[in-house]
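Engineer: One-letter residues, chain by chain:
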Amino acid sequence: MKRMRAETPINFLLAGLLLLVPLAALALEEPFYITLATRMAILALAAVGLNLALGLGGLVSFGHAAFFGIGGYTAGILSTHASNAQPLMTWPIEIGGSDNMLVIWPVAVVLSGLVALVTGAISLRTSGVYFIMITLAFAQMIYYFATSWPAYGGEDGLSLGLRNAFPGINTALPLNFFLICYALLIAALYLFARIRDSRFGTALQAARQNQVRLAAVGISPFPIRLAAFVLSAMMTGLAGSLFADLNRFVSPSMLSWQMSGELIVLVILGGTGRLFGPVAGAMLFVLFEFILGGFTERWQLFLGLILLGVVLFARGGLLGLLAGKVRHG
Amino acid sequence: MKKTLVAGLFGLAVSVSGVAFAEPVKVGMITTLSGGGAGLGIDVRDGFLLAIKQSGNKDIEVVVEDDAMKPELAVQIADKMIQSDKVDILTGIIWSNLAMAVVPNAVAQGKFYLSPNAGPSALAGAKCDENYFNVAWQNDNLHEGMGNYANTAGYKNSFILAPNYPAGTDALTGYKRFYKGELAGEIYTKLAQTDYAAEIAQIRASGADSVYIFLPGGMGIAFMKQYAQSGVGIPVLGPGFSFDQDVLGAIGDAAIGVKNTSQWSKDLDNPTNKTFVETFQAEYGRLPSLYASQGYDTASLILSAAAKASVKDADAFRAALKAADFKSVRGDFKFGNNHHPIQDIYVREVVKEGDVLTNKIIGVSLEDHQDAYASECKM
Amino acid sequence: MQTTLLIEQILNGVQFGVMLFLMAAGLTLIFGVMGVINLAHGSLYMLGAFACAAVATATGSFWLGLMASLAAAAAAGAIVELLVIRRLYDRDHLDQVLATFALILIFSEGTRWLFGSFPLYLNIPPVLSGAVDLPAGARYQLYRLAIILVGIAVAIGLYLLISKTRLGMRIRAGQSDREMIAALGVDIRTLYTVVFALGAALAGLAGAMVGALQSVQVGMGEPVLILAFVVIVIGGIGSIKGALVGAALVGLVDTLGRFLLPQFFALFLGPSQGTTVGAALASMLIYIVMALILAVRPRGLFAAST
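Chains as they are written, first to last, in my numbering: chain P, 1 to 329; chain S, 1 to 379; chain X, 1 to 306.
Keep in mind that a hint or two might mislead.
[Unchecked claim] A few chain X positions that, by computed beta-carbon distances, are all more than 10 Å from chain P:
| id | residue |
| --- | --- |
| 1 | Leu-39 |
| 2 | Trp-63 |
| 3 | Ala-78 |
| 4 | His-93 |
| 5 | Ala-102 |
| 6 | Thr-193 |
| 7 | Gly-270 |
[As the list claims (entries may be wrong)] Selected chain P positions facing chain S (in silico; Cβ < 10 Å):
| id | residue |
| --- | --- |
| 8 | Leu-36 |
| 9 | Pro-87 |
| 10 | Leu-88 |
| 11 | Glu-94 |
| 12 | Leu-173 |
| 13 | Phe-222 |
| 14 | Pro-223 |
| 15 | Arg-248 |
| 16 | Val-250 |
| 17 | Ser-253 |
| 18 | Leu-284 |
| 19 | Trp-299 |
[Stated by the list, open to error] Below, computed lysine to any residue pairings styled on SDA-like, alpha-carbon distance capped at 20 Å:
| id | chain 1 | residue 1 | chain 2 | residue 2 |
| --- | --- | --- | --- | --- |
| 20 | S | Lys-127 | P | Gln-86 |
| 21 | S | Lys-274 | S | Glu-353 |
| 22 | S | Lys-322 | S | Asp-85 |
| 23 | S | Lys-127 | P | Glu-30 |
| 24 | S | Lys-86 | P | Gly-261 |
| 25 | S | Lys-127 | P | Tyr-33 |
| 26 | S | Lys-176 | S | Asp-344 |
| 27 | S | Lys-86 | P | Tyr-33 |
| 28 | X | Lys-241 | X | Arg-189 |
| 29 | S | Lys-26 | S | Asp-85 |
| 30 | S | Lys-180 | X | Ile-152 |
| 31 | S | Lys-127 | P | Tyr-152 |
| 32 | S | Lys-86 | P | Ala-85 |
| 33 | S | Lys-327 | S | Lys-86 |
| 34 | S | Lys-86 | S | Asp-313 |
| 35 | S | Lys-86 | P | Tyr-152 |
| 36 | S | Lys-53 | S | Gly-35 |
| 37 | S | Lys-26 | P | Tyr-152 |
| 38 | S | Lys-26 | P | Gln-86 |
| 39 | S | Lys-86 | P | His-81 |
Simulated from the structure, these hints should not be mistaken for laboratory data.
Backbone N, C-alpha and C define an ideal beta-carbon position, used for all residues, glycine too.
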């Protein structure tokens, strides 16, 4: 079912804008703005993942920081073992570390997916606020585990000596790393659009809107939701491993409930359930944080006021504001 | 948009300096100015800016930003300060985990980092760096001082307590490194825990003759209030962090008599310190904390190095920093091979002066003390 | 292990549970009646503590401070309801989460603006200092005992309020059928504001009482907020009884877990390793318990309305 949406031109504009920032930064010799754009792209990727569960499936996960952090720690732990040449485990088979992104990404994705499979299977027995809170509980478990597990730095976190490598590309150059993140973001957006318009996506959105009707046509919502939750976690996990590479550092704060909250904020700020909502949200949020942070030490107060204004007066987020309130599905 | 604080911040017009300094120096300060830990960052910043202001040196430009205690944000600000603001020196970080996130990358890019607080063991030992200077202490120092004092004071059965995170385990390790008696108990609490009734009950039942706590910030305040209310009379020992000017007011009289260790105290008898304490109080209307003293010393060190060498000549500037040719509020100050201080650790006691709770020095625990990791540093 | 120590730890668990109950009761009431998730409940707790500390320091009376905390939190609650929450009743939970998340930021930085960056001083009133003797040779701190009693009193008060008064009847009606109560001609807007202010006042009371034991500082509300959510989810959202049981459970499990687990693991792994593992597990324990309960009973122990 193809539909021409009012927001399509805006989507292209956003994608172009995000790509333009680092190029302009390069021209202006302000390399920091590449870092800023990379941060936007990575957070957008994480939020695209969350948007799959939250926007399409109506599954308000308040624990997606868990997957973000798992991805981050995957990158951190593998590269630590690669740099000190100690095997990650010796039994039953010996597994060493790796500083190759092409190894790290699948591991991060699979691990996030597995954790989501287990926690999702339990969480999806509940709904509504219970679901919000049980996802939070699982994330908190992992958070406390990470803070009190001394092997990989505990609360202090883990420093990556160098950014992990991508075959044939020098990732140490900010622009190259941005392009990698940007390419992954676009791939994730494509995947999101395909999923949304597929039979699976239709069923998922139907499950959000009317569970009874879905059951009436003989479809059980549980496996569909679980699959969406797992896919969603995988994308967020991938973003986490990139985030670790961006900062060359991972810490439990990536797993904190504030991080989960921020991811939700990104999705709503941009426009829940919309393809480019997370992109708009991440760009806006990072920009706010950056501008306000340089402006006043009370920046969090103003950030709060802005967010409040968005919820109260700009329903549907930035894209809702720009492209009208028509919601898909 | 930048919050640029020029030396002439406090209403003085920025005029052309008559003194010829080598080269302008741009300092980026990343510190915690919002949320629960803001008090520490504000003290470091205020101490730092006070020293810059007093020097009258117009060539030092300081950019301050808030890290909100988030490591990721600190990394982002550091990137921005290095790439966009083009700072020469970074400083300001309060917490070890933020320092571990920022420092290795900053020094790898050839920037100087001067720590006004936070001295994680990794940066003092194997991961030490020629461009990293710690102007405060290595994390273990004050704990080691207290471990040594416990021996002198005749304590033989200590109960020790810290949060379950790296700085907490380091703290108890530091204490045990010098303390020679038995342990009546050892507890690691949850980080940011606020109720210590369960732990206090165990302390009461343990038969200890002393209690050593490392509970920074709100955790220490909560513990001390609850401990005093519980009526367990076993003497408490702690590092200066839990008993300094920023928290004493909130703990109240419960803190009176507690022995704590610090590399600085407001009653240290040297002219620099006297000036510092008086002017800080005049400027900000409160007594300085040890964090403020560390910020002040950090700025003084930068000023002394900038007077000797150009910051653009990294080797010369590094040598000038290493020489530590400045008047510290602590009196004697010098750097060891790993660029961490070799300094005296004092024992202080919390007293009440009029209405104000503060500390008074009662002795020296360790003289010219160097950290335990210096030998691991190949510098 | 000595019995006296165990008794003291159990009481500590109960006291912690009571404090959580005060928080959770307000949250669950607000959710039950209005269907709103209020993440800013922890900020109201913080506000109570700050109001109490400021007034107690200015007047020298803890009791005036306690009054102030109730008044300040109730007023703040009412204002927040009128300005923000009121617009969110017919929105989904997502918007409520975002709006109240924003309120946390506003409250935290606003409080710091008003009161400065350093923790405030607040101590227990002299009348309640000291300890009392209990049977079996145990001793327990009077102030904590008082907190337990206040908690029980609040629980009874809430029970009477909800089952015996007109306001309670409306609250019950609101919980079971929102359109119905409007149709009955009840001024639902006022009812909502009153319920919200009541929940806020309970949070403020908890903040003030606990502020005397802990550190009165910005950010003190969030850890408690998360625990209070755990409590109401375990108990069944909307159920005061569930909040009471959930709070007692979380309080006891957390306190006893912190106390017993390190000792337990020390038996197998030696003192150093054992305490580390035990402490790590203890910090995760209540979340594990919560996940287990929800896995078995997806709507908590005492799910109220369906």
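Engineer: All the hints need checking, so say for each whether the structure fits it.
Structural biologist: Quick rundown of the hints versus the structure:
1. Leu-39: 8 Å, violated
2. Trp-63: Answer for Trp-63 (chain X): holds, closest chain P Cβ roughly 32 Å.
3. Ala-78: Label holds. Min Cβ-Cβ 17 Å, cutoff 10 Å.
4. His-93: Nearest chain P Cβ is 6 Å from His-93 (chain X), so the label is violated.
5. Ala-102: For Ala-102 (chain X), whose nearest Cβ neighbour in chain P is about 4 Å away, the distance does not exceed 10 Å, so it is violated.
6. Thr-193: 17 Å, holds
7. Gly-270: 15 Å, holds
8. Leu-36: 8 Å, holds
9. Pro-87: Since the shortest Cβ distance to chain S is 21 Å, the answer is violated.
10. Leu-88: With a closest approach of 21 Å, the Leu-88 (chain P) hint is violated.
11. Glu-94: At about 26 Å, which exceeds the 10 Å cut-off, the nearest Cβ of chain S leaves the hint on Glu-94 (chain P) violated.
12. Leu-173: 13 Å, violated
13. Phe-222: Check failed: Cβ of Phe-222 (chain P) comes no nearer than 35 Å to chain S, outside 10 Å.
14. Pro-223: Violated: closest Cβ of chain S sits about 35 Å from Pro-223 (chain P), beyond 10 Å.
15. Arg-248: Cβ of Arg-248 (chain P) sits 6 Å from chain S, so the hint holds.
16. Val-250: 9 Å, holds
17. Ser-253: 6 Å, holds
18. Leu-284: Violated. Min distance 16 Å.
19. Trp-299: This interface hint holds because 7 Å falls under the 10 Å limit.
20. S:Lys-127 <-> P:Gln-86: With a Cα-Cα distance of about 18 Å, the restraint between Lys-127 (chain S) and Gln-86 (chain P) holds, given a limit of 20 Å.
21. S:Lys-274 <-> S:Glu-353: Distance ~17 Å between Lys-274 (chain S) and Glu-353 (chain S) Cα, so the pair holds.
22. S:Lys-322 <-> S:Asp-85: Distance of about 25 Å is beyond 20 Å: violated.
23. S:Lys-127 <-> P:Glu-30: 30 Å, violated
24. S:Lys-86 <-> P:Gly-261: Judged against 20 Å, a Cα distance of about 33 Å means the pair is violated.
25. S:Lys-127 <-> P:Tyr-33: 29 Å, violated
26. S:Lys-176 <-> S:Asp-344: Holds, at roughly 19 Å.
27. S:Lys-86 <-> P:Tyr-33: Holds - the C-alpha atoms of Tyr-33 (chain P) and Lys-86 (chain S) are around 13 Å apart, at most 20 Å.
28. X:Lys-241 <-> X:Arg-189: Violated, because 25 Å separates the two Cα atoms, which is more than 20 Å.
29. S:Lys-26 <-> S:Asp-85: Between Lys-26 (chain S) and Asp-85 (chain S) the Cα gap is close to 9 Å, so the pair holds against 20 Å.
30. S:Lys-180 <-> X:Ile-152: 48 Å, violated
31. S:Lys-127 <-> P:Tyr-152: Judged against 20 Å, a Cα distance of about 16 Å means the pair holds.
32. S:Lys-86 <-> P:Ala-85: The hint is violated at about 36 Å.
33. S:Lys-327 <-> S:Lys-86: Violated. Lys-327 (chain S) to Lys-86 (chain S) sits at ~28 Å, over the 20 Å cutoff.
34. S:Lys-86 <-> S:Asp-313: Between Lys-86 (chain S) and Asp-313 (chain S) the Cα gap is close to 15 Å, so the pair holds against 20 Å.
35. S:Lys-86 <-> P:Tyr-152: 32 Å, violated
36. S:Lys-53 <-> S:Gly-35: 27 Å, violated
37. S:Lys-26 <-> P:Tyr-152: 35 Å, violated
38. S:Lys-26 <-> P:Gln-86: Not satisfied, since the Cα-Cα distance of roughly 41 Å exceeds 20 Å.
39. S:Lys-86 <-> P:His-81: 33 Å, violated
The earlier numbered hints that this structure contradicts are 1, 4, 5, 9, 10, 11, 12, 13, 14, 18, 22, 23, 24, 25, 28, 30, 32, 33, 35, 36, 37, 38 and 39.
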